[in-house]
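*Asks:* What follows is the residue order along each chain.
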Amino acid sequence: MTWRSLIWRGVRFHARAHLGVLLGAVIATAALAGALILGDSVRASLRAAALARLGATQFALSTGDRFFESRLGSRMAGPRTPGAGPAAVHPENAHLTTALRLPGLVTVSEADRTAPRVQVLGVDPQTWPEFAKWQASLANGAPWLAGNEVFINEPLAAQLQAKPGDQVLVRVRKPGLLADDAAITPKDEHSVVLRLRVGRVLSEGELGVFNLHSGRPGQPNAFLPLNVLADAVGQTNRANLLLVAIPNDRETSPPDVTTLQRALESAWRPEDASLVIRILPAADSRPAQVEVASSRIFLESAVVEALAPRTPGAGLEKPRPVLTYLANLLQLGERSVPYSMVTAAGAPELVPADLRDEEIILNDWLARELQARPGGVVALSYYVVESGASLVERTNLFRVRSIVPMTGPCADRTLMPEFPGIARAESTHDWDTGFPLRYPIRPADETYWKQYRGTPKAFVTLRAGQQMWGNRFGSLTALRFSVPPGSSPEAIAGTLRGQLQANLPPAAFGLRLVDVRSQALQAAAQAQDFAQLFLAFSFFLVISALLLMALLFRFALEQRTGEVGLLLAVGFKSSQVARLLLGEGLVLGLIGGLLGSALGVAYARLLLLGLRTIWREAAGGLHLGIHLQPITLLASAVAGLVIALVTIALSLRGFTRRPARELLAGDLSSPSPGASRLAWWVAAGAGMAAVALMGSASARTGPAQAPTFFGAGALLLISGLASASAWLSRMSSQAACDRLSLRRLAVRGCGRRHGRSLAAIALLACGTFMIVGPSAFRLDATDDTAPGSGTGGFRLLGETAMPVVQDLNTPAGRDFFNLESNLMHGVAFVPLRVREGDEASCLNLSRAQRPRLLGVDPAQFAGRFTFVAPKASAGWELLRAPSETNSTSQVAPLPAIGDANAIQWAMGKKIGDLIDYADEQGRPFQVRIVGAVANSILQGSLVIDEAAFLQRFPSSSGARMFLVSAPAGRTAGLSTALLRSLEDHGVELTSTTARLNEFNAVQNTYLATFQVLGGLGLLLGSAGLGIVVLRNVFERRAELAVLTAVGLPRRTLSALVLIEHAFLLLAGLGLGTVAAGVAVLPALMQGATSLPVAFLSVTLMAVLLNGLLWTWLAARAALRSPLLAALRNE
Amino acid sequence: MGACLKLTRVSRQYAGPAGGSLSVLREIDLEIAAGDSVAIVGPSGSGKSTLLQIIGTLDRPSGGQVWLDGRDVAALPEPELARVRNQELGFVFQAHCLLPQCTVWENVLVPTLAGQARDAGPETATARAERLLKRVGLANRRQHRPGQLSGGERQRVAVVRALINRPGLLLADEPTGSLDHASAVALGQLLLDLNREEAVTLIVVTHAQDLAARMGRAFTLTEGALVRGLPGL
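Residue numbers (numbering that gives the first Met the number 0), protein chains in the order written: chain C, 0 to 1129; chain H, 0 to 232.
Calculated directly from the structure, the hints in this document are not laboratory data.
Source: prediction; values computed, not measured.
Backbone N, C-alpha and C fix where the C-beta goes; we use that ideal spot for every residue, glycine too.
It cannot be assumed that every hint is accurate.
Simulated restraints, written as ranges between beta carbons of each label pair [claimed, not checked]: (1) H:Gly136 <-> C:Arg1049: 45 to 53 Å; (2) H:Arg70 <-> C:Arg729: 28 to 36 Å; (3) H:Ser20 <-> C:Leu649: 29 to 37 Å; (4) C:Arg729 <-> H:Thr125: 54 to 62 Å; (5) H:Ser149 <-> C:Glu557: 24 to 32 Å; (6) H:Ser20 <-> C:Trp680: 28 to 36 Å; (7) H:Ser20 <-> C:Glu557: 41 to 49 Å; (8) C:Asp528 <-> H:Gln147: 41 to 49 Å; (9) H:Gln142 <-> C:Asp528: 49 to 57 Å; (10) C:Arg1049 <-> H:Ser149: 33 to 41 Å; (11) C:Ala14 <-> H:Gln147: 14 to 22 Å; (12) C:Asp528 <-> H:Tyr13: 57 to 65 Å.
Partner residues are not named here, just some residues of chain C that face chain H (Cβ under 8 Å, in silico) [said to hold, decoys possible]: (13) Met0; (14) Trp2; (15) Leu5; (16) Arg8; (17) Arg11; (18) His13; (19) Gly561; (20) Glu562; (21) Leu565; (22) Gly570; (23) Phe571; (24) Lys572; (25) Gln575; (26) Ala659; (27) Arg660; (28) Leu663.
Using the sequences and the hints given, assemble the complete structure.
*Replies:* See below:
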């Protein structure tokens, strides 16, 4: 005889009694395992989604609105150029491909179906098919992407209901040389349209879902040949995306991002940064020069610094800075000349060193036209460069210093940069400017243009010019270098090229490789932990199963009191008996853990099915598949074993410490009167606290009420349960009464097994509260008028594929889009600039590493939304306040404000936290979260000050998001008009309440999930009640037999049992419902439509009926057996 | 031969329903020598079982001392009492209290699992179990379960279980109470035989006058006091 055999004998002999215990362990373990498997599955699905959107991509270089030569990739992978620094990346070590990525919209030409925000990718026909694994599906070397073809991905095909062979119109944003909101950028040709035939629908495995940023799945993509797209948008041989894949089959160690960046630094050329080095041959009295300019018009400060003389005698003389810009009007008295180039220069041959900032030099032609003489005052009017579509005109006065002839260095047409729409025009009539030509162009002006083109007509000091025209893009249009004696222009050009390559990091132009794969995998790994979430959701189910298990184990123990008493009587210590029983529990836990883990797989499948169907909002559209990990199954089994053991240990507590004689006599005594008194005190205390809490909560308004009322409900529940405990104790020890009724007898019965009755009431009450109570936190956005609401008081939210540069609040902007003034009366727009990033909302399950940034003028948001932190908030003005300087970077982080939920859950951050970004020039900067607003439409992004936004991202063109406030009843008409007018911009309009409810749906779905799983737990609890009934009745069969013997009919006995247990059922449900009613009081008072009254009613009714059914079945089963036999046994 | 058991002014009171106390045993003095066989009789509710439980350390007296082999066991802590019950005492109950899940053999050996064995002596527990089962005529039933035995057989198994750890004192609480007359007579004789053969002191609480009469000494418990002799004799 050994301990092991004794334990095993016990398990086998009491197998039937243990079956229920085992069932509890299995259910609890299955719930745990299901949640853990679900967590694994979501993580694996997110990882799969992250890898699917990146394909083989490990590193990416994305320059947005800046373009580099499409050969950059082949140069990086090509043979090493002598003197070009470190060796290029060997093609065996890295596969590179370049692409042009632009926002666009796609329309099925024969139907009225449009996909508004499509990522249009021009891909390299040489490298992309291998990179994207198209070759496998394009059998026999079939030609892909003929010039008139477009490949679309599955989400786009579904959106358009398009198939191969369909004709589509692809409208793509045509990027300007400067940002679209620069005054001189043409506004009319912001997009081009291509009519193409759908060649294929690309699957996920063919990199159809390519996306650099994590976000909601289903990004619509269209693929066409790089050259076709580049030619169409005027970016021939240029690209803005470079992808690097690291092949798995290489033999050498893979290159890291540093190695690749070094290769990039070796391979890049000034042309990749839109820099132009050109030789200006000697002309007139000007000697030959070499000029460094930019096809983006303005030279960035980094370029100017890179070319600043560092080592005297290096072959370069001090550069001559030039800034040439367009003056709208030059006026002297009544005479004026429109649209003239004016040069500000630091070159002595153009501007004498002693020219003062308020002086101007005119050329002979202009002087004649204005009849100007030295000393006269000329008014120079110009558009502020960054005034965008609002075209702010300013005028400066200059005194004429001198007049220069139409020959010599000042008569230099090359001083005019390549202004878009102007520089290449044959005639002034062909000018395509970004502004209306308000001043009439005279025949003389046309003649000048034909003869001299953009030869500047006037000259001012560099400082005067930069004060007028300096801007976020730069403050020079060229740097000119003279050719010293003994050198040649070609040699100087070569030196400049070398100096640029040596002194300028390509990252300064956004040419910076990022390890996007690691970021994506990190985002997936740090994603919303569904295991934790569903463990919480399954909490009540687990607790119910464990309570059931504890109850059944206790019942089994009660049947074995004699056995335990005997063991104690023969000399076993109570700890040894406990160990023996725990040993049986260990066996049960082991079996339960193993079976539960297996059942957990089925439970996880069920949960996944739920997430794909009824709870799909919580999955953010992610394609979910089951992912089983042996370690998780093992962990679940162990966890199941541990909780089973703990539960059994708790139910054993005190049992084996009872005296052996009591156990041998089967005497399990009732609670002490002291416990009853304590229960009354607890009831009174918790009740008073609940009332006080409700009183304090009624003084508050809005969402702040919900947690307080929930707390009051919970206290009321505690008070109710304590009252029930005290009452049951009283019932069990009440003195005899004079009149005995059936009801009184039933009530006495409830107090007979005080603990058991209280457990049944508590299980049902807590379950009811847990299911009904969370309804208080359901969110339902209906208010789109209150500025403090989550909609900010805006009615509509618009997002466009192509930026809107016009100010829609001005008559000019509205005219541009043909928006009727009647309709627009009282309508206001808040434009937001968008820097693409990770979607930081609950709709994206991945952790947002670098959330999308929105730039807004803080004044436009004043008084809108409700700040939850900091409490005493300066509101949106916080965005303007310079944040504390970061000790490491010495660059003050940018203040940012976001949605509180998004900050906490989607970003995993809190107030004061920093997030790293890189600006357009590759310089790192940080954003500090300084404020959070409550439950708002701002989920998904962080908001920063527009001015700071433009400093970091000067190429940003206009707004791609806008919020619209409008008078009541105007929303529908306004939506129609905006959709029509902004159709070519790929507009998508959503009502703000609908958008907010999209976010709310996630939280509401979580609550619904909790309630459904809690409902299962409650049903389990009501089944537990049935077991209690069965046990009670069987225990009392002799007592019932006596009642039969004294003449009570069976029907009366049934009624007795039913009354007794229905009382427990109703007490539990009633207590839980009243407490939950208090918790949801604010929602009820506000008439929230989201309260799932039908679901809750059905659940509670199901629990009531289920409990009654079990009670009836148990009573019937017990009373059908011959009761008098029980009497004989007694 | 010295006293194996000595009770000095042992009393036991229970709290009454109306706040008073109910005195079951009143200053009982009793001395039993090693190897004696003693019967205690008395009407139902007289406190016989309470007295036996106090002697068997399953209950503690409200007053007085219980000397077992020269030690006051009433003052011992619970873990030590468990050892005393396991090694120095053997119990036979009216309800045989066998473990239904175990065989006869296993039931007999259950006390050895408590792991408090003193010096096992020349005879191992299994050898002793084998010998005693043979002695009580159950050698061929060792693989049977309690449910497969008659009432008398179950009680004999309980007797062997009580003797397995070679206790000095065997306590039997109404051992024949649930047996038919023939089985009761046989069990009584067995207990007396074992009292002699195993040199174990025997105390039997019983209603059966004939069994009590066969013991070396008999006492009657009436109104909490112990009186030498059987009622009516």
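*Asks:* Please go over all the hints and tell whether each is borne out by the structure.
*Replies:* A quick look at each hint next to the structure:
1. Between Gly136 of chain H and Arg1049 of chain C the beta carbon distance is about 48 Å. The supplied range of 45 to 53 Å therefore holds.
2. Checking the proposed 28 to 36 Å range against Arg70 of chain H and Arg729 of chain C shows it is violated: the Cβ atoms sit about 46 Å from each other.
3. For Ser20 of chain H and Leu649 of chain C, the Cβ-Cβ distance of about 35 Å falls inside the hinted range of 29 to 37 Å, so the restraint holds.
4. For the hinted restraint 54 to 62 Å between Arg729 of chain C and Thr125 of chain H, the CB-CB distance of approximately 55 Å keeps it satisfied.
5. In this structure the hint that Ser149 of chain H and Glu557 of chain C lie 24 to 32 Å apart at CB holds, the actual value being about 28 Å.
6. Taken as a hint, the range 28 to 36 Å holds for the pair Ser20 of chain H and Trp680 of chain C, whose Cβ atoms sit roughly 30 Å apart.
7. Range check, Ser20 of chain H to Glu557 of chain C: about 29 Å between beta-carbon atoms, so the 41 to 49 Å window is missed.
8. As the Cβ distance of Asp528 of chain C to Gln147 of chain H is approximately 57 Å, the hint placing it in 41 to 49 Å is violated.
9. Hint check: Gln142 of chain H to Asp528 of chain C, Cβ distance near 55 Å, so the stated range 49 to 57 Å holds.
10. The beta-carbon spacing between Arg1049 of chain C and Ser149 of chain H, approximately 36 Å, falls within the hinted interval of 33 to 41 Å.
11. The beta-carbon spacing between Ala14 of chain C and Gln147 of chain H, approximately 18 Å, falls within the hinted interval of 14 to 22 Å.
12. For Asp528 of chain C and Tyr13 of chain H, the hinted distance range of 57 to 65 Å is satisfied, since their beta carbons lie about 58 Å from each other.
13. Because the beta carbon of Met0 of chain C sits about 4 Å from the nearest beta carbon in chain H, less than 8 Å, this interface hint is met.
14. With a least beta-carbon distance of about 6 Å to chain H, the hint placing Trp2 of chain C at the interface is held under the 8 Å criterion.
15. With 8 Å as the threshold, the beta carbon of Leu5 of chain C comes within range of chain H, its nearest partner Cβ sitting at about 6 Å, so the hint holds.
16. Taking 8 Å as the C-beta cut-off, the interface hint given for Arg8 of chain C holds, the closest approach to chain H being about 4 Å.
17. Taking 8 Å as the C-beta contact cut-off toward chain H, the hint placing Arg11 of chain C at the interface holds, the least distance being around 7 Å.
18. The beta carbon of His13 of chain C comes within 7 Å of a beta carbon in chain H, closer than 8 Å, and the hint placing it at the interface holds.
19. A distance limit of 8 Å between C-beta atoms decides the matter here; for Gly561 of chain C the minimum to chain H is near 6 Å, and the interface restraint holds.
20. Here the hint on Glu562 of chain C is kept, as its CB sits about 6 Å from the closest CB of chain H, short of 8 Å.
21. Contact between Leu565 of chain C and chain H, as hinted, is supported at the beta carbon level, the nearest pair being about 4 Å apart and thus within 8 Å.
22. A cut of 8 Å between beta carbons decides the hint on Gly570 of chain C: the least distance to chain H is about 2 Å, and the hint holds.
23. Taking 8 Å as the C-beta contact cut-off toward chain H, the hint placing Phe571 of chain C at the interface holds, the least distance being around 5 Å.
24. Annotation: Lys572 of chain C was flagged as interfacial toward chain H, and the flag holds, the nearest CB pair being 5 Å apart, inside 8 Å.
25. Nearest Cβ of chain H to the Cβ of Gln575 of chain C: about 6 Å, under the 8 Å cut. The hint holds.
26. Proximity of Ala659 of chain C to chain H holds as hinted, the smallest CB-CB distance being about 5 Å (cut-off 8 Å).
27. A hinted interface residue such as Arg660 of chain C counts as satisfied when its beta carbon comes closer than 8 Å to some beta carbon of chain H; here the least separation is about 5 Å, so the hint holds.
28. Proximity of Leu663 of chain C to chain H holds as hinted, the smallest CB-CB distance being about 7 Å (cut-off 8 Å).
Violation of the numbered hints given earlier is confined to hints 2, 7 and 8; the remaining hints are satisfied by the structure.
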